[in-house]
Amino acid sequence: MVTIYSKNNCVQCKMTKRFLDTNHVEYREINLDEQPEFVDHVKNLGFNAAPVIQTADEVFSGFQPAKLKKLS
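14 is the number that the working numbering gives to position 14 of the sequence shown; each next residue is one higher, with no gaps.
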């Protein structure tokens, strides 16, 4: 399962979700603005900017089409 940690008004978050939707990849979204209890988790993963994409094998940040393509 893919988890996306996103924020409101985040262009890269929107682009990431659109890419996954277009490629029919299922994901769970956790909005850090609406669920701030997850902010520490994301920071513990080593990230300070959204989106953060977490899979069973990897965690990365930003809109990265090459990595996202591997999920489809």
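None of these hints come from the bench; they were simulated from the model. Among the hints, a few may not be true.
Said to hold, decoys possible - With a Cα cut of at most 27 Å, we get these calculated DSSO-like pairs of lysine-lysine:
1. Lys17 - Lys7
2. Lys14 - Lys70
3. Lys43 - Lys17
4. Lys70 - Lys7
5. Lys7 - Lys67
6. Lys43 - Lys14
7. Lys69 - Lys7
8. Lys14 - Lys67
9. Lys43 - Lys67
10. Lys7 - Lys43
11. Lys17 - Lys70
12. Lys70 - Lys43
13. Lys69 - Lys14
14. Lys69 - Lys17
15. Lys17 - Lys67
16. Lys69 - Lys43
What the hints assert, rightly or not - What follows is a list of derived Cβ distance ranges for each label pair:
17. Asn48 - His24: 29 to 35 Å
18. Val11 - Pro36: 27 to 33 Å
19. Pro36 - Ala66: 19 to 25 Å
20. Asn9 - Ala56: 26 to 32 Å
21. Phe60 - Asp40: 27 to 33 Å
22. Glu34 - Ala66: 17 to 23 Å
23. His24 - Gly46: 15 to 21 Å
24. Glu37 - Lys70: 17 to 23 Å
25. Gln35 - Met15: 26 to 32 Å
26. Gln35 - Val11: 29 to 35 Å
27. Val11 - Leu71: 19 to 25 Å
28. Phe60 - Asp33: 17 to 23 Å
29. Asn48 - Thr22: 26 to 32 Å
30. Val59 - Val11: 27 to 33 Å
Please read all numbers here as calculations on a predicted model, not as lab measurements. Positions of the beta carbon are idealized from the N, C-alpha and C atoms, including for glycine.
Here is what the structure says about each hint:
no.: 1; hint: Lys17 - Lys7; in the structure: 12 Å, holds
no.: 2; hint: Lys14 - Lys70; in the structure: 19 Å, holds
no.: 3; hint: Lys43 - Lys17; in the structure: 21 Å, holds
no.: 4; hint: Lys70 - Lys7; in the structure: 23 Å, holds
no.: 5; hint: Lys7 - Lys67; in the structure: 20 Å, holds
no.: 6; hint: Lys43 - Lys14; in the structure: 21 Å, holds
no.: 7; hint: Lys69 - Lys7; in the structure: 22 Å, holds
no.: 8; hint: Lys14 - Lys67; in the structure: 16 Å, holds
no.: 9; hint: Lys43 - Lys67; in the structure: 21 Å, holds
no.: 10; hint: Lys7 - Lys43; in the structure: 14 Å, holds
no.: 11; hint: Lys17 - Lys70; in the structure: 15 Å, holds
no.: 12; hint: Lys70 - Lys43; in the structure: 25 Å, holds
no.: 13; hint: Lys69 - Lys14; in the structure: 16 Å, holds
no.: 14; hint: Lys69 - Lys17; in the structure: 12 Å, holds
no.: 15; hint: Lys17 - Lys67; in the structure: 13 Å, holds
no.: 16; hint: Lys69 - Lys43; in the structure: 25 Å, holds
no.: 17; hint: Asn48 - His24: 29 to 35 Å; in the structure: 30 Å, holds
no.: 18; hint: Val11 - Pro36: 27 to 33 Å; in the structure: 21 Å, violated
no.: 19; hint: Pro36 - Ala66: 19 to 25 Å; in the structure: 31 Å, violated
no.: 20; hint: Asn9 - Ala56: 26 to 32 Å; in the structure: 29 Å, holds
no.: 21; hint: Phe60 - Asp40: 27 to 33 Å; in the structure: 19 Å, violated
no.: 22; hint: Glu34 - Ala66: 17 to 23 Å; in the structure: 29 Å, violated
no.: 23; hint: His24 - Gly46: 15 to 21 Å; in the structure: 29 Å, violated
no.: 24; hint: Glu37 - Lys70: 17 to 23 Å; in the structure: 30 Å, violated
no.: 25; hint: Gln35 - Met15: 26 to 32 Å; in the structure: 21 Å, violated
no.: 26; hint: Gln35 - Val11: 29 to 35 Å; in the structure: 20 Å, violated
no.: 27; hint: Val11 - Leu71: 19 to 25 Å; in the structure: 20 Å, holds
no.: 28; hint: Phe60 - Asp33: 17 to 23 Å; in the structure: 21 Å, holds
no.: 29; hint: Asn48 - Thr22: 26 to 32 Å; in the structure: 27 Å, holds
no.: 30; hint: Val59 - Val11: 27 to 33 Å; in the structure: 20 Å, violated
Hint compliance for this structure: hints 18, 19, 21, 22, 23, 24, 25, 26, 30 are not met, and every other hint is.
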